[in-house]
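For the record, in the sequence shown the residue sitting at position 42 is 42 according to this note's numbering, with numbers rising by one throughout.
These are computed hints drawn from the structure, not numbers from a lab. For clarity, every value in this text was computed on a predicted model and none was experimentally measured. The reader is advised that the hints may include incorrect statements.
Stated by the list, open to error - Okay, the calculated beta carbon distance ranges per label pair: (1) 18 to 66: 17 to 23 Å; (2) 24 to 99: 19 to 25 Å; (3) 58 to 21: 19 to 25 Å; (4) 97 to 59: 19 to 25 Å; (5) 48 to 114: 51 to 57 Å; (6) 105 to 59: 35 to 41 Å; (7) 98 to 61: 22 to 28 Å; (8) 34 to 79: 24 to 30 Å; (9) 51 to 13: 18 to 24 Å; (10) 115 to 89: 36 to 42 Å; (11) 82 to 61: 18 to 24 Å; (12) 79 to 101: 29 to 35 Å; (13) 111 to 13: 46 to 52 Å; (14) 109 to 34: 29 to 35 Å.
Beta carbons are placed, not taken as given, at the ideal position from N, Cα and C, and that holds for glycine.
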Amino acid sequence: MRKSGLEDTQGWVIDPQLWVDEWRRIHPVKTAQCVAEQLNAPVRTVEKWLSGESRPSFDWFGPILCAYGLGFVAAGMPNPAPWLDDHARDERRAAILAKRQALDEQLAADWNRRANA
1 MRKSGLEDTQ GWVIDPQLWV DEWRRIHPVK TAQCVAEQLN APVRTVEKWL
51 SGESRPSFDW FGPILCAYGL GFVAAGMPNP APWLDDHARD ERRAAILAKR
101 QALDEQLAAD WNRRANA
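Use the sequences and the hints to build the structure in full.
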């Protein structure tokens, strides 16, 4: 039988401080307000998460996942399950490729505007 209080949850341990660090990186100004707006959460609740006074409950897992993506959730896990890490990596790759495509299109438009001027 499993003993309560052990840290062995097969890669599903979430360190809320890792999420706090990511939120501060993503939203360097007015972090609590920005996160609260993204999650449709009370600002005071998010302030408590950021200060370490409390941590997001399971009820907030869905909104966090929907607003910030699987990569964000996996970033909060010191040791994510390999399949979860793979999916998060695929998500980051797709985002980078989308940014690259947008940049390529912008550069092409700039080039065409310059060539036609």
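Verification of the hints:
In this structure the hint that residue 18 and residue 66 lie 17 to 23 Å apart at CB holds, the actual value being about 19 Å. Range check, residue 24 to residue 99: about 22 Å between beta-carbon atoms, so the 19 to 25 Å window is met. Checking the proposed 19 to 25 Å range against residue 58 and residue 21 shows it holds: the Cβ atoms sit about 21 Å from each other. A beta carbon spacing of about 33 Å between residue 97 and residue 59 contradicts the range 19 to 25 Å that was offered as a hint.
Under the hint 51 to 57 Å, the C-beta atoms of residue 48 and residue 114, about 52 Å apart, fit the expected range. At roughly 40 Å, the beta-carbon separation of residue 105 and residue 59 lies within the given 35 to 41 Å, and the hint holds. Distance hint for residue 98 and residue 61: a CB-CB separation of about 25 Å, consistent with the stated range 22 to 28 Å. In this structure the hint that residue 34 and residue 79 lie 24 to 30 Å apart at CB holds, the actual value being about 28 Å.
At roughly 21 Å, the beta-carbon separation of residue 51 and residue 13 lies within the given 18 to 24 Å, and the hint holds. Between residue 115 and residue 89 the CB atoms are about 38 Å apart, so this pair conforms to the stated range of 36 to 42 Å. Remark: the range hint 18 to 24 Å for residue 82 to residue 61 is upheld by a beta-carbon distance near 20 Å. In this structure the supplied range 29 to 35 Å holds for residue 79 paired with residue 101, their Cβ-Cβ distance being about 33 Å.
Taking 46 to 52 Å as the suggested C-beta distance range, the pair residue 111 and residue 13 conforms, at roughly 49 Å. Against the hinted window of 29 to 35 Å, the Cβ-Cβ separation of residue 109 and residue 34 comes to about 31 Å, which satisfies the hint.
Checked against the numbered hints given earlier, this structure breaks only hint 4.
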